Amino acid sequence: MSEMYDIIIVGGGPAGLSAAHSAVKNGAKKIIVLERDREAGGILQQCVHNGFGLHHFKEELTGPGYAQRCYDLIKDCPEVEVLVDTMVLEVHDNKEVIAVNPERGLMKLQAKTVILTMGCRERTRGAIRIPGYRPAGVYTAGAAQRMVNMEGYIPGHKIVILGSGDIGLIMARRMSLEGCKVQAVLEICPFSNGLTRNIVQCLNDYDIPLYLSHTITGIKGKDRVEGITVSKVDDKMRPIPGTEFDIECDTVLLSVGLIPENEISRELGIELHPRTNGPVVDQHRETSMTGIFAAGNVVHVHDLVDFVSDEAEIAGKYAALTALGKNAASDRDLAVTPGAGVNTCVPQHLRLSSESEAVRLFMRAAQPKRKVKLSIMSGGQEVMKKILPVVKPSEMISVEIPAEKTAALSDDITVSIEEA
Amino acid sequence: MKGIYSMERQADVVVIGGGITGTAILSELARYNLRCVLVEKEPDIAAGTTKANSAILHAGFDAPTGSFKAKMNVKGNALYHELEKELNLDIKWTGSFVVAFDDDGVETLKELKTRGEANGVPGLEIWDGAKVREKEPNLSKDIKAALWAPTAGICWPFGAAQAFAENAVINGAEVLRDCEVTGITVKDGRVEAVETSEGPIKAKYVVNAAGVYADKISAMAGDNSFTVKPRKGEYVLFDKTAQKSMVSGIVFPVPTKTSKGILVCATTHGNVFIGPNAQELDDKEDLSVTSAGMDEIFAGARKLCPEIPGGAAITEFAGLRAASSTGDFVLGKSKVEGLLQAAGIQSPGLTSAPAIAQYIAEIIVGETGAEKRGDYKKGRPEEPVFRELDDEAKAALIKKDSHYGRIICRCETITEGEIVDAINRPCGARTVDGVKRRTRAGMGRCQGGFCGPRVIEILSRELGISVPEVRKDGVKSYMYYEKEGAAE
Ligand SMILES: Cc1cc2nc3c(=O)[nH]c(=O)nc-3n(C[C@H](O)[C@H](O)[C@H](O)COP(=O)(O)OP(=O)(O)OC[C@H]3O[C@@H](n4cnc5c(N)ncnc54)[C@H](O)[C@@H]3O)c2cc1C
Chain A
1 MSEMYDIIIV GGGPAGLSAA HSAVKNGAKK IIVLERDREA GGILQQCVHN
51 GFGLHHFKEE LTGPGYAQRC YDLIKDCPEV EVLVDTMVLE VHDNKEVIAV
101 NPERGLMKLQ AKTVILTMGC RERTRGAIRI PGYRPAGVYT AGAAQRMVNM
151 EGYIPGHKIV ILGSGDIGLI MARRMSLEGC KVQAVLEICP FSNGLTRNIV
201 QCLNDYDIPL YLSHTITGIK GKDRVEGITV SKVDDKMRPI PGTEFDIECD
251 TVLLSVGLIP ENEISRELGI ELHPRTNGPV VDQHRETSMT GIFAAGNVVH
301 VHDLVDFVSD EAEIAGKYAA LTALGKNAAS DRDLAVTPGA GVNTCVPQHL
351 RLSSESEAVR LFMRAAQPKR KVKLSIMSGG QEVMKKILPV VKPSEMISVE
401 IPAEKTAALS DDITVSIEEA
Chain B
1 MKGIYSMERQ ADVVVIGGGI TGTAILSELA RYNLRCVLVE KEPDIAAGTT
51 KANSAILHAG FDAPTGSFKA KMNVKGNALY HELEKELNLD IKWTGSFVVA
101 FDDDGVETLK ELKTRGEANG VPGLEIWDGA KVREKEPNLS KDIKAALWAP
151 TAGICWPFGA AQAFAENAVI NGAEVLRDCE VTGITVKDGR VEAVETSEGP
201 IKAKYVVNAA GVYADKISAM AGDNSFTVKP RKGEYVLFDK TAQKSMVSGI
251 VFPVPTKTSK GILVCATTHG NVFIGPNAQE LDDKEDLSVT SAGMDEIFAG
301 ARKLCPEIPG GAAITEFAGL RAASSTGDFV LGKSKVEGLL QAAGIQSPGL
351 TSAPAIAQYI AEIIVGETGA EKRGDYKKGR PEEPVFRELD DEAKAALIKK
401 DSHYGRIICR CETITEGEIV DAINRPCGAR TVDGVKRRTR AGMGRCQGGF
451 CGPRVIEILS RELGISVPEV RKDGVKSYMY YEKEGAAE
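Chain order of the listed sequences is A and B. Residue 420, in the numbering used here, is where the first sequence stops; the numbers in between run on with no holes. Residue 488, in the numbering used here, is where the second sequence stops; the numbers in between run on with no holes.
These aren't lab readings, by the way, just hints derived from the structure by calculation. Since the model is a prediction, treat every value here as computed from it, not as a measurement. Built from N, CA and C at the ideal position, the CB exists for glycine as well. Treat each hint with caution, since some may be false.
[What the hints assert, rightly or not] Partner residues are not named here, just some residues of chain B that face chain A (Cβ under 8 Å, in silico):
id, residue
1, K284
2, E285
3, D391
4, G405
5, T413
6, S477
7, Y478
Let's have the full structure, built from the sequences with the hints guiding it.
Structural data, given as structure tokens:
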């Protein structure tokens, strides 16, 4: 029968690699990372621009550079095997993992714990329903990015980007550098969904117009995109008749958001959160199923890879402790709920034990606001507060509750953001 | 590529059009000792109406008794019951309902039943509303009665055309794609050759199965006896979660004079669609979807099935009915000798295809006295479907060919082996959408976001073409370009 692993890690992006490294540091002896792509590194491999690692490695790296750093940390560890070109088909609640690989064929692997680090995928045209033809020339920004950066082809010459998510913004700059004309970036929301620094560095510096509260209402062209019709939208995001105008283009790139990739989690039967679209986790990133952990974009979409690594290190540590039977038993389970002004908060609950520990909460604001007070309440008491100059849904907020405060917690927790 | 066929080509029969009609005819002709060539202007078969329709194998009670439509429909339906196994077709025999809300409607049901029986449709029954809702619990409480037709079913039209084409090719027929007919040479009142974008093909017989363009093709030979006007139908497709709040079979309203009305219907892939409406057009290429059309479809469908989960809608699409000026199928001999028409094949054309094929083949075989092939091969090569195999069979397949150990489409679990097979099969895929229709790669929730670039790479490798030569679907649907003069 199959050998016993301490930990099987599903997905070899930064989350999977960072989790493996942390698991080794915490004593795990036999770890395997399964990655479906031809090399580890995940989505970072196609992000050739700078801006990664400032927090985690205290150094500015490119995407592949960051991935290399994560890989370097484990490449000489005898405890870790990274198996690429390997697709996980199923994970079972007894921690059996079914995977395929061209050389090894169908594999059945058994572990004590599993960490899910499958990352996220891009939302598509189908999800946003642009009426019109289905010509060539409509791609997700990520697919186009892969073709440009890894395969060396361009998707077209005159480009419109739908959605101001970070991949879209970065692709706007990339396409300009490739000698293409980026005609416009359209955003259906009244605010951008990308990081401010990306708006400045990717659009303003290249004179690319950003149309807020606008969307595509028609695509022209039978075989290949020849142009689009754009409309302004009202506050319910419905196109306003009479506001239509046309933009000539041969390519539309969709950057309309990312969504955690949880097909395996769903089939496994772990609880998923309707707002994050990822597994419900505690502060150790353990899911609703004992011994199954999750970290990174599969839990909730992060805007910085640095936080992905931080989160994965937590999951790696506690998966290792669980595999070694060293995890302290929890004596209380407290829910963490988003209150006013907060859209999502991870972890969704704390399983606390007699060993006191600091806990970091990650939140996204529901609306962009200035000068706000973020407060963490438990049992009618304010545990912590923090004044923030600005909050935006696109920029994740994180707050640490120090160990001495978590030790005292005994009631469910609510986090809210209100004008200060 | 131009002129690769310019060396004088000869055939006994040239079939124009690679839709369900053309491919079914080719497959029927391939049973005989005849040199047959099918020409299709698009890069793949089933690129016209066959790609976008209701996918229903109708029972056959709609068309007037004695019409070609009625005869071909009833016979075609019966033939699909036989061909299903032989060609490994994706069919679900769901049966169909026509539902009525008032006394007038119930009268119409009775007329349909009488007409259906005269057409030879077996098993028609009128059910009361309660019995209907027992089978389809989500239908409107206001439904009074329905006509139940047990022989109706749903199919995967592309798969059926693919099966016919593959069977024909393994029996020696040729399918030339990217090959547009530009003229027909007639000498002394008889067809002599077909002019194409790839050069002329000499032909004793020419079968016109060119869908909405069939009038143009006929006119090329000098037969102007009919016209074909496109009538557009728009649809909305829902994801698999929709079935439990909608239907598991086929539900029509009482028909109007011009169409069978807006229906609610399941697909063989487990989705549900609503539509089509009916819009007369002049443009034979207008497949655009309109928001007015969407409103019309939703309103119509809600009458049958009140709870329609709008959020589960995945996509909208449109198809063109090839409505002939005669009102019926235009079938058989033209005044130009050697030209055979399979034109004006609007609904129930999909259902009728195998019967139309026999009808056309009988004429040619009757005139030429062609014999059945001694080495005729039934069916078509097996299509491996990795996700449907048990663990042992999966392991064995990977051992035989390691391409089956690499998953390319993660949403639908499609392996590189299946994609390579789809490309290298008889009449295999040439385009990204061709791969998608044969294997489902790219049909899942990410809509090709992940596997698209990989499928392009595999197509380029297997077909021996460069990445910029890989197309999505249509003739000029190129996807990526060489980088030129990068600024960095
Ligand atoms: C909205 C709608 C719903 C329908 N629902 C049903 C249903 O539920 N059940 C049913 O039985 N039927 C249905 N039908 C009808 C059915 O889809 C059609 O009858 C059938 O698909 C017609 O097939 P075809 O091969 O004749 O035409 P097509 O599929 O249009 O094929 C014609 C082919 O000829 C090619 N061609 C044209 N000109 C040239 C040229 N110059 N050179 C080379 N090639 C050329 C085209 O590219 C095309 O591929 C429906 C139709 C519509 C529009």
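Failing hints, ascending?
-> Going through the list in order, the structure violates hint 1 alone and respects the others.
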